[in-house]
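There are 2 protein chains.
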Amino acid sequence: MMRKYARVSATIADLLRKRSLQFPRLLSSSPILDHPSSSSSASSSMSSSSTHPVSLGTINEKVLKCEYAVRGEIVTLAQRLQEELLAKPGSHPFDEILYCNIGNPQSLGQQPITFFREVLALCDHPAILDRSETQGLFSTDAIKRAWEILDQIPGRATGAYSHSQGIKGLRDTIAAGIEARDGYPADPNDIFLTDGASPAVHIMMQLLLRSEGDGILCPIPQYPLYSASIALNGGTLVPYYLDESAGWGLEISELKKQLEAAKSKGINVRALVVINPGNPTGQVLAEDNQRQIVEFCKQEGLVLLADEVYQENIYVPDKKFHSFKKISRSMGYGNEDITLISFQSVSKGYYGECGKRGGYMEVTGFSPEIREQIYKVASVNLCSNISGQILASLVMSPPKVGDESFESYSAEKDGILSSLARRAKVLEDALNNLEGVECNKTEGAMYLFPRIYLPVKAVKAAEAANTSPDTFYCRRLLNATGIVVVPGSGFGQVPGTWHFRCTILPQEDKVPDIVSRLTEFHKQFMEEFRD
Amino acid sequence: MMRKYARVSATIADLLRKRSLQFPRLLSSSPILDHPSSSSSASSSMSSSSTHPVSLGTINEKVLKCEYAVRGEIVTLAQRLQEELLAKPGSHPFDEILYCNIGNPQSLGQQPITFFREVLALCDHPAILDRSETQGLFSTDAIKRAWEILDQIPGRATGAYSHSQGIKGLRDTIAAGIEARDGYPADPNDIFLTDGASPAVHIMMQLLLRSEGDGILCPIPQYPLYSASIALNGGTLVPYYLDESAGWGLEISELKKQLEAAKSKGINVRALVVINPGNPTGQVLAEDNQRQIVEFCKQEGLVLLADEVYQENIYVPDKKFHSFKKISRSMGYGNEDITLISFQSVSKGYYGECGKRGGYMEVTGFSPEIREQIYKVASVNLCSNISGQILASLVMSPPKVGDESFESYSAEKDGILSSLARRAKVLEDALNNLEGVECNKTEGAMYLFPRIYLPVKAVKAAEAANTSPDTFYCRRLLNATGIVVVPGSGFGQVPGTWHFRCTILPQEDKVPDIVSRLTEFHKQFMEEFRD
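As given, the protein sequences belong to chains A and B, one line each in that order.
Quick note: the first sequence uses full-length UniProt numbering, first residue 1, plus one each step.
Quick note: the second sequence uses full-length UniProt numbering, first residue 1, plus one each step.
Next comes chain A alone, as it looks inside the complex (with noise of 0.2 Å):
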């Protein structure tokens, strides 16, 4: 089915060129972001007179500018409707939203990690480490965890602001698990502790960006919190386009082109974000992929911000996940050759832990006084949450064979990421039988985002209600079914093509169901807009 589609996916860039559009439009903070609906409603609300001391007239336009679709209008929509179906039951033609617009397993009922939730609930509560009863509720492991981690910090103080890159027992931990992941040397300096990956990426973007002439290279489709992260720290996105004809691969001669037009526009292009495994594409890079990217940033003096939430996340047996750091390293470049920040997080991966908000950077390749730079910035907000700073140390350092938990820790683990595997195909081959779809395959990550051929009675359907033809279709999906996607403006997307993305998560039970109520709303939507 992909392949059909092949010779006019090899000349995206033509197909730029024929749609004439402009350029400078493309490198806007937000060129490939279209709201038309929320667009016209701020410019209208803008007139409505008020005597409140703030408007939207007089508001930072960094702030107006940003977008995030992943908890967009759409999302706006799914939660009234929720709200409805509490209040009169059966006013809706389904029982319940299915949220499939965001990767938040566990609020699909993915369990969290049992070894995980005990030593956290530990490390809350120390003063039931010494109790008979605490042997009888948790694993002999959990609380020898436990221990552990709370004489690494300063009086065992889980209520204690840390150092504000973390606590430095914890950074041993974690670089002592990049260092078994890799292979090579991970230092614990290098490691900043965040509350989720978000926040590491706003103090990237924020100490790179110091205006609109400041670019940074992102794939297209990408995930919104680049663009958002660019728009609120004023820079310019610089998009390259990822190649949906060859399984959203990634080409060194579009990172070349587009790099060259945005220099040619003046823009001092900063920095190149790779998402890998692919957010919302699901394509894992190859391993030659990743030595021309890494070689490429270091000819170009990029900075290589390598968001690497998902590299659990491999549900194809052909690919492997390998970090850019071990990649580089392996090429023979150290901390001399390439700047490179590796974003990990604990909301993925099997573990889930989005509620948790922990995650990490790992910083290599800045001189020490940008380091003290990004130190500061890290520091006016004093340290992430410690429960986040231990989490990440233990999806860093699970249980090993020979400990007690290791076993149900395993088939924890395992069951989770097999049924992603199994969930991931059945509904990628459920929208690739659907008219009009088509849909790569999710290789790795937790999404699958298929292009939609629409009807042009439905994209004139769209511009009548003054949306997006791809919003226009999610809002219909959610209205008749309750399941909520995202639309592909929400992530960018070859103009005139139209996407969406739809996790993968709901639990196996529910998957058949999903895709008969999508199967059968598609089928009427088509019926209904068919020129």
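Hints were generated in silico from the structure; no laboratory data involved.
Please note that a few of the clues may not be correct.
Chain copies aren't distinguished; within one or between two, either way the pair holds.
[To be verified] In silico EDC-like pairs for lysine to aspartate or glutamate, Cα to Cα no more than 16 Å straight-line:
| id | residue 1 | residue 2 |
| --- | --- | --- |
| 1 | 425 | 182 |
| 2 | 263 | 372 |
| 3 | 168 | 148 |
| 4 | 320 | 300 |
| 5 | 425 | 508 |
| 6 | 319 | 179 |
Here the structure of chain A is known, so what remains is to put chain B in place on it, guided by the hints.
What follows is chain B alone, placed relative to chain A:
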């Protein structure tokens, strides 16, 4: 001791004029925060050539400008000394570093409130809620509360991202707590839960500051989060001076004068920051003074940013905490009359749970479209950590009379607060006994902010060492005693006056030793530099 200098401070404004302090400098983004040593080191490293793609000359200037003294150079020195002590015991004339630089109670031995930690542990590992051993380990009301909280979380998923403002049920609890505190209604939809109060302050600064032409009225001395956040967001700090001779009182005439002066320079003043109880001053505003402030904001169309994180920390019988919301509502002002943000945190009070990073802002008086913008910015980071959210609900709704935990909870709470009051008094008296030191009463919060009259010789020695006189004093204090305090220049002070901030947080058994070390050091210092 305070009274004898009253005649001087009454004319701070004249003093400023006499010192021919130029106003534009006062308006620059971190005007009164002098860090000669750090800025000179910055410029020297800027010249060091490097192969790195990022240098001090090419990063965001706003990051360079930002200063955060609470974790600044003195703390960096302290960390080094601590490592040296560990590596080589006896290498310094003290056995331990006493961190009096930061309001971090549990790092100095304060114990967490048992009930709060019980609930957090149970919510982290709900699997044990049904086990019989749990009854023996946890109090009945903690188990009951954990169930109530879990039932407020969709799917009982404490590991899921919540609504971007925080879990609705917890916001209901917080709103009820605010109502009980103030006697006026609070709306759960006005609550934004955040990872401590700092991110909430950043969101407001990000919203209000468009350029250097936008100003925020901040008290001097201030908590450096404000100067740092204003610098990072590219605005201008418009200082208003608290009157040290009147117990750090806030004079409306000073607000008016500084507002007019800022306006005449073309600065668009957007908001007024008030910290009550005061950080670093320890002053608690009188009710009448608060009414004047509300009236001033209403008249001038200013957003009132009320830092109320020390609302539980009041140590004198003649002062009481009144929220600005209560004050404004008692004046008959509602949402249409005044735009008011109240910041609260789980890090302070008697709980002191800094490491949990919980907090909220109550946002009132914005139009719906501005609220939407605030929601959007909050949503880019998805949500704050759930443990912090739960804890924020607990501090606003602690055990009540009749609950199993009520007695032990009350004993813990009263024990901490009465001990803090005693420590404040002992340290205040000790400081006032020192030659050339005068220290106002700590009515609330967690700090002393004594003024030190340094001999001319000491000021010259500081100049020769390329540092500010107060930093010079604090550095000497640290090297001699292991006591870490923050130079007044980090908070701002009337030029030519010198202070330091010292917390009242060391445990009571350590206070006598601190007093004697401090006293001895100060005597020797004054001897050494006597003119």
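Quick rundown of the hints versus the structure:
Neither within a single protomer nor between protomers do residue 425 and residue 182 lie at most 16 Å apart by alpha-carbon distance, with minima of 29 Å and 55 Å respectively. Proximity of residue 263 and residue 372 under a CA criterion of 16 Å is satisfied in neither setting, with 29 Å inside one chain copy and 36 Å between copies. Taking the closest pair of Cα atoms, residue 168 and residue 148 come within 16 Å of each other only inside a single copy of the chain (13 Å); across copies the shortest separation is 36 Å, beyond that limit. In this assembly of identical chains, residue 320 and residue 300 lie within 16 Å of each other by CA distance neither inside one copy nor across copies; the values are 27 Å within and 61 Å between.
In the homo-oligomer, the alpha carbons of residue 425 and residue 508 lie at most 16 Å apart inside one protomer (12 Å), although the nearest pairing across protomers, at 63 Å, exceeds that limit. In the homo-oligomer, the alpha carbons of residue 319 and residue 179 never lie at most 16 Å apart, since the shortest distance is 21 Å inside one protomer and 56 Å across protomers.
Violation of the numbered hints given earlier is confined to hints 1, 2, 4, 6; the remaining hints are satisfied by the structure.
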